[in-house]
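J.: Here is how the chains run, residue by residue.
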Amino acid sequence: MRILKNRAVRAATATLVAVVVAAGCSSERGKDDEGNKSKDTFVFAAPGDPAALDPALASDGETFRVTRQSFEALLKHESGGSDLTGALAEKWDSNDKGTVWTFDLRKNVKFHDGEPFNAEAVCANYDHWFNWTGSYQSSAVSYYWQSTLGGFKKNEDKEAPKANYKSCTAKDENTAVIEVNEPSANLPGGFSLQALAIHSPKAIKEYEKQDAKAKGDAITYPKYSQEAGTLAGTGPYEITGWNKGNKEVSLKRFDGYWGKKGGVEKLVFRTIDTEDGRRQALQAGDIDGYDLVAPADVDTLEKEGFQVPTRDVFNVLYLGMAQGKHKALKKPEVRQAIAHAVDRENLVKTQLPEGGKVATQFMPETVEGYSDKVKKYEFDTAKAKKLLSGAGETGLKIEFCYPTEVTRPYMPAPQDIFESVKSDLDKAGIKVTPKPLKWAPDYTDAVEAGSCALHMLGWTGDFNDGFNFIGTWFAGYDKQWGFKNEKVFDAVNAGSKEADPAARTKAYEKANEVIMDYLPGLPLTSSPPAIAFAKDVNPPEVSPLTQENFGEVTFK
Amino acid sequence: MLRLVVRRLLQLIPTLLGLSVLLFLWLNRLPGGPASAILGERATEAEVARINRLLGLDEPVWIQYWRFLKRIAQLDLGTSVRTGQPVWDEFTLRFPATVELAVAAILIAVVVGVPLGYFAARRRGGWLDVTSVSGSLLGICIPVFFLALVLKGIFAVNLGLFPSYGRQSTGIDATDVTGFAVLDGVLTGEFDASWDALMHLVLPAITLASIPLAVIVRMTRASVLEVLGEDYVRTAEAKGLRSSVVRGRHVLRNALLPVITAVGLLTGSLLSGAVLTESVFAFGGIGSFIRQAIDGRDYPVLVGFIMFIAMLYVLINLVVDLAYSLIDPRVRVH
Amino acid sequence: MKPPMTKAAKADRLAELMARRGGDEGGAGLWTEALRRLRRSKMALIGAAIIAVFLLLAIVGPWVAPHGPTAQIWRGEVFPNQGRFVGPRSGNWLGLDHLGRDELSRMLIGARQTLLVGVVSMLIGLVVGALVGAVSGAAATLGGAAGKRVDTVVMRITDMMLALPSLLLAVSIAAVMGQSLTTVMIAVGVVQIPIFARLLRGSMLGQGGRDYVLAAKSLGVRRRRIVLTQILPNSVSPVIVQATLSLATAIIEAAALSYLGLGNPDPAVPEWGVMLSQAQRFFDNAPMMSVYPALGIVITALGFTLLGEAMREALDPRLRG
Amino acid sequence: MPLLSVDDLTVTFRGGHGRPPTRAVDGVSFQVDAGRVTGLVGESGCGKSVTALALMGLLPGKGVDRGGSAVLDVGAGSEFVASGPVDLLGLGPGALRDLRGSRIAMIFQDPLSSLNPVVPIGVQVTEILERHRGLRGAPARKEAADLLDRVGIPDPTRRLKEYPHQLSGGMRQRALIAMAVACAPRLLIADEPTTALDVTIQAQILELLKELVDQEGTALLMITHDLGVVAGLCEQVNVLYAGRVVESAGRRELFAHPTHPYAHGLLGSIPRLDAPRGDPLHPIRGSINDRIAWQDGCAFAPRCDFYDEECLEGPPALTEPRRPDHRVRCVHPVLDTTAEEVTA
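Protein chains in written order, with the numbering used here: chain L, 6 to 561; chain P, 50 to 383; chain B, 58 to 378; chain X, 107 to 450.
What the hints contain is simulated information worked out from the structure, not anything from laboratory work. Treat the numbers as computed from the prediction; the structure is a model and nothing was measured. Positions of the beta carbon are idealized from the N, C-alpha and C atoms, including for glycine. Treat each hint with caution, since some may be false.
Unchecked claim - A few chain X residues that face chain P, going by a derived Cβ cut-off under 8 Å, partial list only:
id	residue
1	Phe119
2	Ala211
3	Met212
4	Val225
5	Ile234
6	Thr263
7	Lys267
8	Tyr269
9	His271
10	Leu273
11	Met285
As the list claims (entries may be wrong) - Residues from chain L shown here face chain B by an in silico Cβ test under 7 Å; the list is partial:
id	residue
12	Pro300
13	Glu410
14	Pro439
With the hints as constraints, model all of the structure from the sequences given.
T.: Shown next, in the form of structure tokens:
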């Protein structure tokens, strides 16, 4: 026994010594690595891990942030803006009904695996998605396909939306034609979605067989989507590694890229889930940039010489009112009273990062269909009081849900915003009972089910179309709001079937005015999610849709 | 000895079964489901319903439980709802990090705590005693997350002595053999990788060590005080032995027995309890993963994890007992 | 030659002399002994002093607080989004928090909340834990084979509870019950249960083996009586110590929960843990905003811990001397 | 001259923690002659063990005051100690360590608790050989085996590997004795060496001790409350009461003529087979706690049948009422006892 013990001890000490000594003599080399590493590797900290490396299976921004560097869709938003421009398609056009979409594809584009990009490739992708079966049809896996092009060839679930996608035909090498059954507000915007980015057909063939099994109590993402180097896109970077343990995805510059080559040799995305964590990592020089900067930090970082470029706003935060939950909210006066009671200016002044704006309607001004003629509800506590007493609701008691442990691009500090709004309402004589809930699923569920009389929620646009905003709430009856008002519903839907962009915009403007007259809830603010970069970085054009292309990054 | 191991593992089975039932009933009481956790604000009722149906979460609990049992029987812990990967893989992926962290923390706690406790006992009532005891107590009283933030702010951000997050720097692409970053470096000869990993360990380990340290200091102190009063120490003195021998062979060897048990249990709690530390230092271990699992209602992960922890505890207790039987002849295992 | 003393006189003289010699060691009971040692331990004194101050604050705090906890009176002067805060000044001795509220008032009112959380959750743990422990301890010592089985089962369960990371337990409780002060208390309390249970059982087993229990058994005293009148009273001291220590851990655990966003939500009743977890976002620009509640927590916890440790030492017969 | 002469030894425990200081040993004087067995008798609490510890230098450094002197003839000196007579109370810790185990050894009361439970017997024996005789490794083990053999432990080589809990009570005490005599000390102090053992074993152990001292010429200071042991072993007896020697005489003389009321009482309280039936025992009333300070008078007075005011006039001196070699500390010595009344 004793012998054995001693042996163990000796072994242990031996290793320890080895490590320390080794470390000692090699530490120098380590330093050098750091030195020249920063030249060609750009490290960006994201708040969350990607879900998969196949954007088609994902619905979260973190996945897209990574895949966007490697996969391209037919269309994209212009760098730093929110207008559509060509990506893999140079030009695109549709018939008047908006059901036949023709894309002139970019020539001599190669996939990372050397395959040529052409019309067949495009159709291969679209048909692949359209023919999805099994748990691929779950909206947890194919959310964006379903929300833009509806269901599948064979819907296995009667609840699934009916297919709107009809066919994709390769007219010639460089012309692809995609047909849909109904005109849709999601087009052409949908064609820019990262979820509909084009992969090399070779890769698709190869991994088609791998099923996303709904096994026991969870959906297993297909194996290929969890490994680097399986799929091949056309983007400026290739994904070379995904070290899950280290929460790190690394990409290498693709020299065969058709467009402007990537500025740095290697891109690395690392996950740091807390705001402080990301900020401190930047301050400590461990990373070169990060997203979702806490508003409180923007100023600090700038003072310390870091770069915090301002994004245009492309989201809206609103104060939701569930009429189903609280009868008083059915009275317009009460809703108006609340609207007048809230000091939205103060939120912008004190809570939001630079560039934040008061929201006058349920879409930011950057979106086509934004109207200046909507009814505005200025801050006026006295008026609020008057309206309440008029409605016989003085001393109104109401429950107010807010999410904890989360920051959303449109909602930097939920609890602070909540407390400000609450104290406003208190001043107007409305008794608020706070009800904090964990963001997901508690909060989102409660809100969806309309069990939160007052609540805060928001939306970040997927692409530049008004319906992508107002459509998500007011296209029909929704428990979250709990009201039926055909006038509103019709106004909102009017635009969605409209093929002609100009007419569509008009319709949306009208819709916004109708909505704000009815005032189902109170749009609070639009705030730009802040993004920060190190001093020695030439940052990319920051995008309102948070669709930065890190290929633009270079080091000073 | 082997029989002991086997017996313990058999005892484990009923415990696990009971535990799993409790868990299942418990977790089913949790509001909200994975679906909305996945989709966030994009979740609509219809979607949630569909996903739940697909996952069979709409079926009665006992059916789900039966399915679960069948899975477990095949040694399948299920699949994480959030990451869509097998729970087992997720654990094996992240557990080494936590083990590394926990071991480092315990090492610190023991290396610092035992001597402190010993000398505190020797100079009972002296300034060393008072300072070391109340100092270690202070360690317990600082909320871990705050301690972590402060340490990080000072040593990582301001002084830049240590990395502020993660397990490894980006530049160093270490080859992964065992998953234990430090060890791997030694095995593969990538010593800079080892060093790098060590540096990343320092701050989290110190943070995590604060509580075990306090416990160990106090235990050592108490137990040394007790042993110093024992007759056999007096005997040793009566033999005129050199004080080094008296301390080492007669005082410490006896005084450390209870400390060993404590260390075992502490390690266990660290392995399961590094949630705060890991999330402050974005340390890719099991702790932060579990925290996300809780937020995301990732039932399979939670169930799996608790099963995992249960087993872990039995194993640790086993190890402690074996270690004990090595040092304390009175409790030989037969 | 002095006149001979009477017997009585002699007796008195003796008594006087014996008295003068002073009493002998021993005889003093466990508790009196302990108290005597406590009064002389630095740790105990410091701890007690801290606790006294804390209690005072907790009691009078809300009345002496100059402003309401939610009144965002100086809202216009604080700009968290620009890192502009207001430090100590006349009128706001501890400055303003990130929503333009008077920090001092919130600290004062927070004291009571913090105490409340500590005490209630400790009590939950103590009462339930002690019950469980007592039952299983009694079963183990006097219940015979069946009792042993009961005991093992109970202890298994507590083991499991101990094995679960306390935060995980707390979080899932919070998830079921929704967030509120009560949730925090229960969550933190539940975590304490197994500790108390094991402790009491342990010391009961220790007592169970003692001669006086054997004696009582052999005299045929009814088991319930033995447990109630002999074993329990002699087993409580470690539990009392633990209770003191638990007050500290409870306060800290509560802070941890707040950091995980599960703290008491209601801004009207600020609790130091919540204040800390909210303020640490602004640590760079307004460190004091985190430091005040942090200090509050640390010092209070330290107070209870010091006292608890001192008691532990004072009561530990092995460490007499 | 004697091997050890203790003169006016006093040991006082400072109270601290508000307790009054207690004087455990209050001016004890006695002598131990080389190669002879001297007894130190008294009921528990009379300060005999403290005396022993004081001689060994094992009393805690803090909170204890020592007075008087205890001169031991250490024979050959060592690196710390000059040869010849030295005052044990005057020595530094280093010197004491050198003497303990080599010149002066001790056997304790409870053999189980006096052995380190987690160290094999062998090591516990060899360590002392190594310390004082520089023996290491094989020779040390050999010597240890011999020692165990000498103290009558069967199969010593196996025992060396065993741990205390594997030995019987008697074995353990033998092992302790083996350690004590390992370096042939000049003085061996045995503090109630048999109290923790059952009677049959007691006899064996006493037998063993006798042999050893006879062979080695070691002087033995036997500390006990058991008059049986005294009768069987000691040549010179010192009766201790409340920290002072109250009577000192040769064994026969003492048993024949217990002169101090206390000694008288002690002997009177032994049950005897040849006593007529129904003849009651004569226990001493009260306990050692019913006493007064020596400076006020005779500490035994409160329990004494014969005391009067004279007893309360200051400390009584040692007198020699019977014979020059029989010293008694009493104002009213019991002189009328006749031999046949008490003889063992």
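J.: Hint by hint, work out which the structure violates, then give me just those numbers in ascending order.
T.: As far as the earlier hints go, 1, 6, 7, 10 are violated by this structure, in ascending order.
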